[in-house]
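There are 6 protein chains.
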Amino acid sequence: MNCFELAKMTWEEVEASLEKVRLAIIPVGAHEQHGPHMVESCDAVLAEKMAVKLGERLFPYVLIAPTVNMGVSLHHMNFPGTISLKPTTLIALLKDMVSSLYHHGIRQFLFLNSHGGNQSTLDVAVNMIKEEMDVELFYAKTTSSAKKAINKNVKSTLFGHSCEREVSEAFYLAPELIRIEKLQKGDIQEAGRWRQLRPGCALQGFYHYEEMTANGCIGDAQLANYEKGRQIVEEALDTLSSELIKVLKIEEDSIIRSNR
Amino acid sequence: MNCFELAKMTWEEVEASLEKVRLAIIPVGAHEQHGPHMVESCDAVLAEKMAVKLGERLFPYVLIAPTVNMGVSLHHMNFPGTISLKPTTLIALLKDMVSSLYHHGIRQFLFLNSHGGNQSTLDVAVNMIKEEMDVELFYAKTTSSAKKAINKNVKSTLFGHSCEREVSEAFYLAPELIRIEKLQKGDIQEAGRWRQLRPGCALQGFYHYEEMTANGCIGDAQLANYEKGRQIVEEALDTLSSELIKVLKIEEDSIIRSNR
Amino acid sequence: MNCFELAKMTWEEVEASLEKVRLAIIPVGAHEQHGPHMVESCDAVLAEKMAVKLGERLFPYVLIAPTVNMGVSLHHMNFPGTISLKPTTLIALLKDMVSSLYHHGIRQFLFLNSHGGNQSTLDVAVNMIKEEMDVELFYAKTTSSAKKAINKNVKSTLFGHSCEREVSEAFYLAPELIRIEKLQKGDIQEAGRWRQLRPGCALQGFYHYEEMTANGCIGDAQLANYEKGRQIVEEALDTLSSELIKVLKIEEDSIIRSNR
Amino acid sequence: MNCFELAKMTWEEVEASLEKVRLAIIPVGAHEQHGPHMVESCDAVLAEKMAVKLGERLFPYVLIAPTVNMGVSLHHMNFPGTISLKPTTLIALLKDMVSSLYHHGIRQFLFLNSHGGNQSTLDVAVNMIKEEMDVELFYAKTTSSAKKAINKNVKSTLFGHSCEREVSEAFYLAPELIRIEKLQKGDIQEAGRWRQLRPGCALQGFYHYEEMTANGCIGDAQLANYEKGRQIVEEALDTLSSELIKVLKIEEDSIIRSNR
Amino acid sequence: MNCFELAKMTWEEVEASLEKVRLAIIPVGAHEQHGPHMVESCDAVLAEKMAVKLGERLFPYVLIAPTVNMGVSLHHMNFPGTISLKPTTLIALLKDMVSSLYHHGIRQFLFLNSHGGNQSTLDVAVNMIKEEMDVELFYAKTTSSAKKAINKNVKSTLFGHSCEREVSEAFYLAPELIRIEKLQKGDIQEAGRWRQLRPGCALQGFYHYEEMTANGCIGDAQLANYEKGRQIVEEALDTLSSELIKVLKIEEDSIIRSNR
Amino acid sequence: MNCFELAKMTWEEVEASLEKVRLAIIPVGAHEQHGPHMVESCDAVLAEKMAVKLGERLFPYVLIAPTVNMGVSLHHMNFPGTISLKPTTLIALLKDMVSSLYHHGIRQFLFLNSHGGNQSTLDVAVNMIKEEMDVELFYAKTTSSAKKAINKNVKSTLFGHSCEREVSEAFYLAPELIRIEKLQKGDIQEAGRWRQLRPGCALQGFYHYEEMTANGCIGDAQLANYEKGRQIVEEALDTLSSELIKVLKIEEDSIIRSNR
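Protein chains in written order, with our numbering: chain A, 32 to 291; chain B, 32 to 291; chain C, 32 to 291; chain D, 32 to 291; chain E, 32 to 291; chain F, 32 to 291.
Do not take every clue at face value.
Same chains, same label: a pair holds when it works inside one copy or across any pair of copies.
Said to hold, decoys possible - As a list, the in silico DSBU-like pairs of lysine-lysine whose alpha-carbon atoms are at most 35 Å apart:
#1 K179 with K216
#2 K39 with K84
#3 K277 with K216
#4 K213 with K126
Calculated directly from the structure, the hints in this document are not laboratory data.
Take the sequences, apply the hints, and build the full model.
In structure tokens:
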């Protein structure tokens with residue numbers, strides 16, 4: 032065993048792991064449309080894969096909790112198959128998970144999130160759980176810290192959903208998510224409020240995803256490939272693991288010796 | 032494609048499937064200790080496997096929703112690794128799922144549940160959702176309708192959790208859940224309130240699982256095997272699919288022709 | 032006084048009783064249609080009568096709380112007069128009751144329930160209250176433990192609601208609930224989903240009671256009589272009191288000496 | 032039948048009654064200490080008795096719903112036996128009742144309340160239910176409109192809880208609530224914040240009842256008698272029924288002819 | 032500084048003040064129509080002004096929290112501009128405020144309320160907060176304790192909303208709230224249920240304000256003036272401060288010496 | 032009147048304004064420590080001032096709702112005087128406001144927020160309200176769109192709370208918020224987790240503000256002045272009003288003609 036995945040452990044194995052484990056990583060995904068070329072569990076699968084890779088790098092100090100396989104996806108609801116949780120449902124779920132793992136002795140938590148639409152809810156969850164429990168709570172987007180690799184590899188102007196970047200990550204982490212024969216550019220809508228409301232704009236607000244793209248994806252997924260994905264994922268893992276080492280207050284050597 | 036698994040479909044594929052699909056099966060599992068010989072995701076995995084097999088039998092009339100991979104497991108909380116949702120959290124989650132799928136046009140739902148501890152919450156969920164939405168709601172234990180096969184195959188007096196029956200099911204459906212070298216009998220506690228509170232007793236009530244069994248399992252898992260599992264699972268699938276055919280108001284032939 | 036009924040006691044009497052009392056029995060009924068031959072408070076009255084009789088047998092160790100006179104009856108809502116609580120309302124009510132009695136020093140509780148439609152909600156209530164309070168919680172159907180007497184006396188194929196069994200219980204416990212001149216068989220509907228969804232069937236689910244019976248009752252209430260009721264009730268009381276004696280950890284003699 | 036009491040009716044009788052019934056009276060009581068000389072169900076019983084008497088006077092235009100037999104009694108919690116609902120629980124219960132009766136066609140409701148501690152919660156309930164349902168909602172204290180009779184008959188300076196007035200009402204309506212041999216004056220505490228916080232004072236606020244009276248009652252219950260109770264109750268019924276006739280928009284004659 | 036207004040203090044100043052402060056006054060207003068001659072923030076402004084004046088009289092023992100500038104105003108919703116909070120929202124807000132100030136060491140609280148429609152909700156809030164926190168909670172209408180001055184000065188039969196009394200208070204405390212050129216009598220509706228439901232009547236219940244007055248005010252605001260307002264406000268301040276001195280358990284001299 | 036401020040209008044004036052008004056601006060602030068040199072209502076006052084200035088620029092098409100004067104400030108709770116709302120409370124409050132204004136005919140809303148700690152909650156609020164009401168919802172930080180002016184004027188490395196930028200804004204908009212004689216640099220803590228968790232870092236998470244700065248402010252407020260504030264505020268107003276003109280779908284000329 033080179034990663035503590037709760038889903039694959041017996042209680043005796045968990046009990047043994049808890050002698051070393053300090054932090055639980057809770058993978059948080061979504062179940063939502065990802066254009067014509069990715070399946071709807073995309074975010075859930077990528078979050079889980081990233082969590083396990085991160086768990087390997089931080090073995091034996093972290094434990095991977097079960098994956099939260101649905102998230103806040105109201106803006107994708109008009110594409111068939113999308114399932115959206117109310118933010119309060121997601122918060123309740125995370126609170127129950129933290130509370131259960133707290134019972135087993137864990138006091139540090141990372142919500143490792145692959146879906147932009149969950150970020151605000153995670154921030155609120157952190158506030159609400161912190162008010163009630165004496166725990167340390169973090170959250171992170173799976174690969175957004177891979178700034179260099181993204182800068183170098185992603186050529187599309189728009190990216191962030193079933194795009195050049197995400198499809199590349201999937202090529203590296205979970206190619207079964209991709210319908211290669213369907214890879215296509217986002218069918219971006221010229222008109223519409225969405226241009227006013229993108230991240231960084233003066234106004235933020237709710238818009239349905241189909242106002243922005245008729246086929247549900249953005250950027251040019253045809254430019255995606257395994258190598259781009261590898262670079263992005265590995266840089267993100269480097270950054271996240273080095274940040275978590277500080278949070279865990281452990282010596283980097285103690286990890287390398289045991290795991291790599 | 033011989034089964035509509037939402038997690039493995041793009042939105043265009045979902046859109047096409049909705050021309051035929053009438054009912055969504057929502058697999059409901061748990062994340063909890065399963066003794067020294069089964070991993071903690073056992074119920075989630077078995078519910079999902081059963082749902083897919085049922086989806087194959089009822090193709091193209093049903094769709095398999097993402098799996099609810101945690102459930103109500105308060106009674107297992109004293110075994111390391113168990114995660115328990117509050118019943119209200121599970122109900123909120125199911126309600127959001129039903130509500131999202133309703134938006135896509137589905138009006139019939141089956142919660143296919145592998146964990147006894149969820150049954151009451153599912154019954155309450157059915158009541159609460161029914162009060163608010165015009166849908167048809169069913170729930171079922173994955174294999175408890177396999178009465179003949181269970182009767183014939185299961186020799187242990189006690190069964191129901193990481194037992195002869197459940198391990199057999201796993202041998203057939205998901206052997207990766209089993210630690211074969213660890214298979215053992217339940218370490219049943221002689222004393223204790225649990226004997227008074229088993230299903231069918233005059234009193235029902237809450238007891239911690241360790242009051243009943245020190246190693247977290249019951250019956251004799253060493254008697255489990257693939258063939259027992261096959262018979263139990265297949266009888267359950269026969270029964271469930273024939274019941275669902277009535278509910279779907281379809282002709283059995285229409286399924287056989289398309290799928291088997 | 033040979034039974035501690037909270038509704039009939041002053042605070043000074045309650046204070047004195049609490050020197051002996053260990054467990055509170057909370058009678059849980061319903062307010063719902065019971066066919067043309069029983070009044071709608073049937074379940075509330077029977078639960079209360081049973082609770083008092085049980086309280087007499089376990090005097091001075093138990094105390095009878097006020098009766099919960101409405102329950103979860105959504106499936107009966109299409110018959111005039113039925114009142115249904117949301118499951119969350121019933122849980123809130125029980126939690127406030129347990130919490131208040133906890134304040135007075137009681138740590139063991141039995142929800143004595145006469146209405147099948149409440150069972151799941153009671154099970155969920157037990158889970159939710161247990162998670163927040165250090166108490167011992169039990170629930171029981173009023174007479175379902177009278178297996179022998181039911182087997183021997185009840186001739187109707189279907190029973191469970193304003194039926195041969197329930198009317199018999201009322202003849203013995205509260206004949207004022209019965210309109211003798213109206214006693215009739217259930218007007219069972221041949222068609223309909225209900226046959227698929229009865230207890231023990233592969234599928235469970237919600238159906239309106241009028242889908243099963245046009246007059247709101249089942250079985251043949253014309254076969255009901257006082258003696259059948261006496262045998263059923265007394266066997267149930269025997270069973271329940273002997274189970275509670277174990278839970279109370281008292282000597283049976285200590286009761287007999289004080290009360291019978 | 033000269034009063035439509037839902038608890039005593041079959042569904043067929045309810046169905047027939049609904050041809051005339053316009054308004055439902057929901058009796059709201061409490062379960063709380065009433066000094067050494069009244070039992071704890073006092074408020075619940077008196078509310079129910081008053082409701083029935085009012086129902087007789089307004090027959091066949093009103094229907095008496097099941098009694099809410101517990102209320103908001105936090106201030107009495109330090110006397111053994113008191114059960115207190117959270118205000119949100121009481122509101123949920125009332126909302127479910129109104130909503131169920133709305134389903135049966137009723138659009139006017141009176142919460143007939145015997146317990147001062149419920150008044151604010153009833154007012155809030157009225158606001159909250161009104162925001163969601165198109166109904167007409169009223170609430171009233173059972174006898175506080177009997178201003179003349181109270182003025183004439185009640186000699187105690189303080190009254191309002193297990194006092195000269197309330198015990199008199201019980202002598203008339205339900206003498207079984209009284210421990211005649213225990214009748215006594217309230218054991219009023221000289222010091223304490225309560226004097227500052229009585230109705231009509233500049234400040235309102237929470238105080239425990241034992242801060243005001245050591246034995247849990249106020250005024251001089253020894254001055255209570257049947258005749259005082261009769262005058263108070265009958266004046267209240269006169270007032271309430273004449274107010275309700277206006278609300279019902281019926282002719283007084285139509286009642287007299289049918290009922291008295 | 033002769034009054035501790037939290038809104039106007041830095042944290043260092045708050046820290047210093049907390050050496051003396053015992054009680055926090057939370058001004059509670061509303062945002063609702065006040066007829067053609069007062070602006071909609073009327074209640075919020077008057078509550079704040081009263082709180083500050085009271086804070087000056089009780090300096091340095093009390094602290095004025097930020098003003099709750101919206102309240103429960105469902106009955107005014109049909110007049111343009113009114114904003115109404117659900118009672119549960121107002122309670123949540125007050126609970127968060129009390130809880131935050133509790134964290135800073137305060138244990139006594141006064142909700143100083145200028146809007147009749149909030150009274151019941153405040154009473155419920157007091158009950159609900161008291162059940163969870165060990166604090167002392169009071170509430171008061173801003174000027175209703177000025178019984179003599181009101182009796183002497185107010186000539187209108189009806190008063191209580193944008194009336195002779197309230198406009199007078201505004202002349203003294205915040206004349207900018209008044210449209211002097213628009214001062215007018217309430218346009219009282221002869222017919223309608225409201226007469227039955229006024230404070231003190233046998234029935235209480237919900238009615239829309241326009242059922243009572245077509246222009247949204249009552250009484251004769253043309254009779255209002257500064258001097259009437261001064262007398263009412265000053266008597267109320269006298270009464271409230273003398274009541275609070277008892278509650279604070281301080282010597283009156285200690286205030287006079289420091290502040291006046 | 033050159034700006035529709037709800038707090039300063041009578042219902043008749045609101046009614047007239049609604050002929051033109053399309054969008055409501057809800058100023059959202061906070062009540063929290065702002066270092067030794069700003070008072071705790073800082074965010075509430077600045078949000079309100081910005082809203083009014085924006086309302087003037089968009090007259091007569093927008094209306095300014097009452098200010099939400101407290102927000103989510105858990106991270107500041109260890110500085111005396113801070114009041115923090117639970118995110119769910121803030122969402123409930125905003126929902127009630129939107130719902131009330133919807134009743135008056137408004138369908139577009141901007142939450143104009145001055146406090147970073149509210150942003151996630153506002154995003155969640157937008158999602159939750161959108162799911163229930165057919166409205167258009169936007170939110171914006173008051174001045175963060177003034178990118179050029181901030182870039183040009185702000186010299187401090189860190190800014191964002193009682194800093195060079197915010198104090199400059201206050202010099203221009205509300206100098207009474209500033210204790211000029213107390214202006215000082217943030218007392219930044221070298222050690223601590225906060226450096227890992229700043230906006231843009233790989234990890235996000237909760238930290239108490241005192242972990243970052245001992246005096247509660249950051250950057251160098253001594254560099255703040257009126258002119259910097261003017262440039263920042265005016266650029267933000269330019270940007271926001273031009274964005275809102277698009278959202279309002281009005282001609283810019285129609286505003287200029289009527290207002291400027």
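Up to 35 Å CA-CA - K216 versus K179, copy category
Both. Shortest intra-copy (23 Å) and inter-copy (33 Å) distances satisfy the 35 Å Cα cut-off.
Homo-oligomer pair classification [K216, K277; C-alpha up to 35 Å]
between (40 Å within a copy, 28 Å between copies)
Evaluate K39 and K84 at a C-alpha cut-off of 35 Å and name the case that applies: within, between, both or neither.
both (15 Å within a copy, 22 Å between copies)
When no copy is named, should K213 and K126 be tagged within, between, both, or neither for a Cα gap of at most 35 Å?
Close across copies (33 Å), not inside one copy (39 Å); limit 35 Å.
Taken one by one, the earlier hints all hold for this structure without exception.
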